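Enquirer: Given chain Z's structure and the hints, the job is docking chains C and E onto it.
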Amino acid sequence: MEFLSLTLLIFLPLVGALIIVGPWFPRNEVKIRRFAKGFGGIVFIYSLFFLAFFNPQEPGFQFNETVALPGGKPWLEPLGVNFSLGVDGISILLMVLTTFLVLLALIASKYSITKRHKFYYSMIFVLQTAILGVFAAKDLFLFIIFWELELIPMYFLISVWGTGRKEYSAMKFILYTFAGSVFMLAAILAIVYYNYLQTGILTFDLNTYTYMKAFAYPTVFGILTFLGFFIAFAVKLPVVPFHTWLPDAHVDAPTPVSMLLAGILLKVGGYGLIRMNLQILPEILKILAPLVIILGVINILYAAIIAIAQKDLKKLVAYSSISHMGIVLLGLGAMNVAGVSGAVFQMMAHGIISAGLFMVVGVIYLRTHTREIPELGGLGQNSPKIMYFSMIIALGSLGLPLLMGFAAETLAFYGAFTSQAFSGFNLFNIYVPVSIQVFTAIAIIGVIFTAVYILWMFQRVFWGNMFYKWKKFHDASPHEMVVLISLIAVIVFFGLYPEGMTSIFVPTLDSLMKLI
Amino acid sequence: MEQFLEFFIENAGIIAALPLWTFLIIIFGQNLGVYDDKRITAGITCTSTFIGLIWSFFIFLWTLGAQEPFSKNITWLSAGNIELSAGWLVDNLGAMMLLVVTGVSLLIQVYSHGYMAKDPGYHRFFSYLNFFNFSMLGLVLSSNLFQIYIFWELVGLSSYLLIGFWFRRPSAAHAATKAFIINRIGDFGLLVGIIAFLFFSLNWWIASGNIYLSFTELQPAAEYVLTSAGPVVYFLIALAIFFGPIAKSAQFPLHTWLPDAMEGPTPISALIHAATMVAAGVFLIARAYPIFEISPDIMTTIAWIGAITAFITATIAITQYDLKKTLAYSTCSQLGFMVMAMGAGAYAAGLFHLMTHAFFKAMLFLCSGAVIHGLGDQQNMKYMGGLRKHMPVVAYTYLTGCFAISGILFSGFWSKEEIFSGLYGNNMILLGVGLIVALLTSFYMFRSYFLTFEGEYRGHAHPHDAPKVMTVPLILLAIPSTFIGFLLSGVLFLPSFDKYILAGQKAITHAEHHTGFLLPVISLLIALAGLLAAAYLYWDRFKQVRESVKITADNIIRITKPLYALTTNLWYIDKLYYAFIDNVFLPVCNFTANFDKFIIDGLVNLTGLKIRFEGWTLRQFQTGQVQTYLAILFSGLAGLALIFVLLQLLI
Amino acid sequence: MNWEEILIKIFNVELTHYIVLSLILFCIGIMGLIISRNVIRVLMSIEILLSAVNVNFVAFANYTDLSDLKGQVFAIFIMAVAAAEAALGLAILLALYRNKPSVDTEEYKELKG
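Residue numbers (numbering that gives the first Met the number 0), protein chains in the order written: chain Z, 0 to 515; chain C, 0 to 650; chain E, 0 to 112.
So that you can see chain Z by itself, here it is in the shape it has in the complex (with noise of 0.2 Å):
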């Protein structure tokens, strides 16, 4: 077990990027991409030390440790800021997943990415020490940093090796989030500022603020702070009508970091949305759950309805991704077990399944260079691989049993119809007798459409009569095919065998339920 630091892991990525970007390493662009293959294999190894060391049964954070500066100080003293680090079942599995799809992503970046590797490489790993540092933060300061971060890469990312209206989209992405977390800001140094009046202790420990019913804060004063964390997590995740800067951002993006950023930067919002909205301030989504329930459902219908009529392959599973993600918001608002698992697992879900959906649009824009798909149509008929490969994401994406999504979307469901969160809210004043039941039941409607935008779309790319300027598009090259194939057997997997996954997190959930 003392092998095992969670600073040398989030860190490993950092010295990886150094590696590549000094002068001593080689031009050679094969090199370049073989060892940071490497060495993404090895930071993808050790974290699933992590996972295998866990124990699920144990609430609270494990792998625990401070780094302190030289001396015994904390990190930085006045502010009361340690670094401090620590993972528990939900963050565990986020992180294998990062360490898991980064790695997926430096294999896909062969014939998308084909200029200035070095940079490119190097920021990958960055942008990973930043994902692995939100991840594992125990402090609030220290989480603020890594979420910060990660813009910086990803700007670059998607500004450099973009296509289309990249540096508009990159800025886009940028100043939303930056937009969104300096509310973030605002609410940590808000609740830090309080507590310090309260006990005067100065700190930012997340476990002092973990369900903070020890001191009775002025409700005006939680809610205010909830939405500060709110809308942070809102842009990220993101939630309608916060959401126009992912359709840009993805779209522009190249295939590898499209998929880091729908598979893992989304994520960053729901984990966010648990991590603080569900742990420090419980009483007030209590109070709020009507908003975030209908922002869920909102989510998961306009989002849909918006990527039926997409001409763009991209943007279609751009909008997808939204739709999808609004079942996060709803499992969150149900405000029970199963339906913060359904969230948990759905993150996951969806990580899997998105970043395997932008590959397949990869795959098919390398060798077509168009993404509309009126342009598309009959490709099946070359290339059965890439054609089945998709089926069976597309299909995990709708949610058919047995494939991961459908796990993830029956627990927040069965969750959300089965909570007790509210039977009616008060609109400005008059009550409005509309139950969680039944918000459920108009989400669901959102798996018809998910149905007609998933399967029109494959209809259109890959069934019916095939252009004749598609004649040589070639079937997935074996690199194609590991990509696809770990995703599919990921997705299949886990959609067989659920309880392998729920295992690990839903003790952390029923602990952290049973506080609230």
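Within a straight-line C-alpha distance of at most 27 Å, the following computed DSS-like cross-link-like pairs (lysine-lysine) qualify:
{"#": "1", "chain 1": "Z", "residue 1": "Lys468", "chain 2": "Z", "residue 2": "Lys310"}
{"#": "2", "chain 1": "Z", "residue 1": "Lys30", "chain 2": "Z", "residue 2": "Lys114"}
{"#": "3", "chain 1": "Z", "residue 1": "Lys384", "chain 2": "C", "residue 2": "Lys37"}
{"#": "4", "chain 1": "Z", "residue 1": "Lys165", "chain 2": "C", "residue 2": "Lys609"}
{"#": "5", "chain 1": "C", "residue 1": "Lys596", "chain 2": "Z", "residue 2": "Lys310"}
{"#": "6", "chain 1": "C", "residue 1": "Lys117", "chain 2": "Z", "residue 2": "Lys470"}
Ranges of calculated distance between the beta carbons of each label pair, as one might list FRET restraints:
{"#": "7", "chain 1": "Z", "residue 1": "Pro477", "chain 2": "C", "residue 2": "Ala578", "range": "47 to 53 Å"}
{"#": "8", "chain 1": "C", "residue 1": "Leu565", "chain 2": "Z", "residue 2": "Ala488", "range": "48 to 54 Å"}
{"#": "9", "chain 1": "C", "residue 1": "Ile650", "chain 2": "E", "residue 2": "Phe10", "range": "35 to 41 Å"}
{"#": "10", "chain 1": "C", "residue 1": "Asn568", "chain 2": "Z", "residue 2": "Val437", "range": "35 to 41 Å"}
{"#": "11", "chain 1": "C", "residue 1": "Glu613", "chain 2": "Z", "residue 2": "Val431", "range": "37 to 43 Å"}
{"#": "12", "chain 1": "Z", "residue 1": "Pro383", "chain 2": "C", "residue 2": "Glu613", "range": "55 to 61 Å"}
{"#": "13", "chain 1": "Z", "residue 1": "Phe466", "chain 2": "C", "residue 2": "Ala578", "range": "27 to 33 Å"}
{"#": "14", "chain 1": "C", "residue 1": "Ile26", "chain 2": "Z", "residue 2": "Thr218", "range": "57 to 63 Å"}
{"#": "15", "chain 1": "C", "residue 1": "Ala578", "chain 2": "Z", "residue 2": "Ala488", "range": "43 to 49 Å"}
{"#": "16", "chain 1": "Z", "residue 1": "Lys114", "chain 2": "C", "residue 2": "Gly638", "range": "52 to 58 Å"}
{"#": "17", "chain 1": "Z", "residue 1": "Ala488", "chain 2": "C", "residue 2": "Phe597", "range": "39 to 45 Å"}
{"#": "18", "chain 1": "E", "residue 1": "Asn98", "chain 2": "Z", "residue 2": "Glu374", "range": "49 to 55 Å"}
{"#": "19", "chain 1": "C", "residue 1": "Val544", "chain 2": "Z", "residue 2": "Pro383", "range": "53 to 59 Å"}
These are computed hints drawn from the structure, not numbers from a lab. Since this is a predicted model, take the numbers as computed values, not measurements. C-beta atoms are modelled at their ideal positions from N, C-alpha and C, and glycine is treated no differently.
Expert: Showing chains C and E alone in chain Z's frame:
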């Protein structure tokens, strides 16, 4: 002997697992290049199904002596208060369905070996077939409502794959997507229904400690829900659950996918879209019967939905010229019959009809497949005729099927008669509808027979007989089609189907039976009337008579023009849907997309634009001319000084 | 009042006089800086500004701090810096003039970032 049978019950899941293994063997065997022989694929497929059939037979033997259904479960997913299980449940109903599914599957797999012999996608076809068998058997063996939902969607998927088997054809691709989406609408209802049911009965399940949503405990749970939710909400829940069968069993108003599903290869039409999968809806109604039973309103709704479907699709079938489409609409109609019987409380009769229908409808489809195969993919009956001389076996088996489905002494007679007597005790209007549909059924089936097999050949291809591998399954299917109704009707010394199926079901109310001779005779006479009408209008032997009396099919069509247009246009239901999609749904989607793009994103960009404008305004002062800055700086200084001085003076 | 007294009266220069002188010089310099478009004139105005500062320095040093020579030293420093500045400014101007035969500041607008 007991312990020997116990083994099969304990491991009943193997029946469903066998096709899954075969599926994986074919997939990996093909893609990794292990083998390339079609006979190996067909061999392992048929062997696994055959083992399944034997296994089902032993299970059937077990159920004859068993008092309690057997069920075995594992937890599939649990979180908080939700615990969902998967496993298998063996009872009389399940055993019956197992036998039907494996039996029909086996024959159709043999048939497919001949039918698909020249198709390049042979292995793909068989792997799909196995996947379908896995899902269907899983559905039959499901032990609870949640598990049945899983397999419910999986059979939908296999149907999607098989309809889209020839995915290069745009029509096939379209039909597959349509089938899946319409089934998804039903799944939506089913899911909402199941979850709502679970929500209202959650405390009951927790208190009783049973497997959640288990079929064996459905009745007390349903009563609990009825008392806790009230009759109106209960009706809505049951209606939502009934949505599943509406879509899967192609009931009005979601029946339009089934005729389009005939784009798939004919063995698929026989297996999935006639004999087994579409019957899953009826099966679900039977499984969840305790839920429907205690609410008379939902029972009435079910019965009427069935009646409407039976009537509408029967009228459409009359005017169809596509052989397979005729059969497809006939399937819809017969399914409507079964649903109607279920809704009217004739539980056993509906299932009895399900079983007999599975045999003869599969056979009819396989006959049509043989005809289409023999004519080089010609499906239009206008270009057929006189095929009895070219393919006698097919013709005679088809004729058997016609007799069976029309209810003239062969097996369909016995099951239909039971439905009629069930309706007689329940609702006379429904009985009237049923009899009209029986008349129509007999008419269109014999019409298709006469158009296809009698008279002169009107096509251009050279008809050739079907190979043995295709005719043998036909003959084997003709046997149960002829006799099974009679054998199991309870007239003979053999155990009656009703008694068997109702044996384990304590709760289900027995429909009243008036086993007088009046009703069977009437139904028989009606069927014969249909036969005679069809013969008169379409059999060449009556050509002379027809022309002398001037009452021919064409004349009738001319007289009943609006009605004819109504049925040829499929009652405008499909057109209505497409009009809705084109004129309402897609515009709404496009509008929303544009709203998102221009209004929401526009607002965001407007914010950016506003800030840029402010920046521009401020930039005007930033000329880069030091002198301007100096001027501003010093005038400001002078101004300040002036204010200072003035202040000094004032104070 | 004899002539000596008158002389004393005339030449009895107080600190205020120096400050007023410095102010006048400063205002002239600022005015020149603001209104002139000719770069040479701008440079000259800057020199005037600096002399205004020098006057202030020396005057204050003279009236407040006779033992040290801090103010005078500063003035000399400023003169040196002014000389250097003038030299640099003129050199830059020459370089610019080679590209564009003009000494008008408006003409060099494109140099701004």
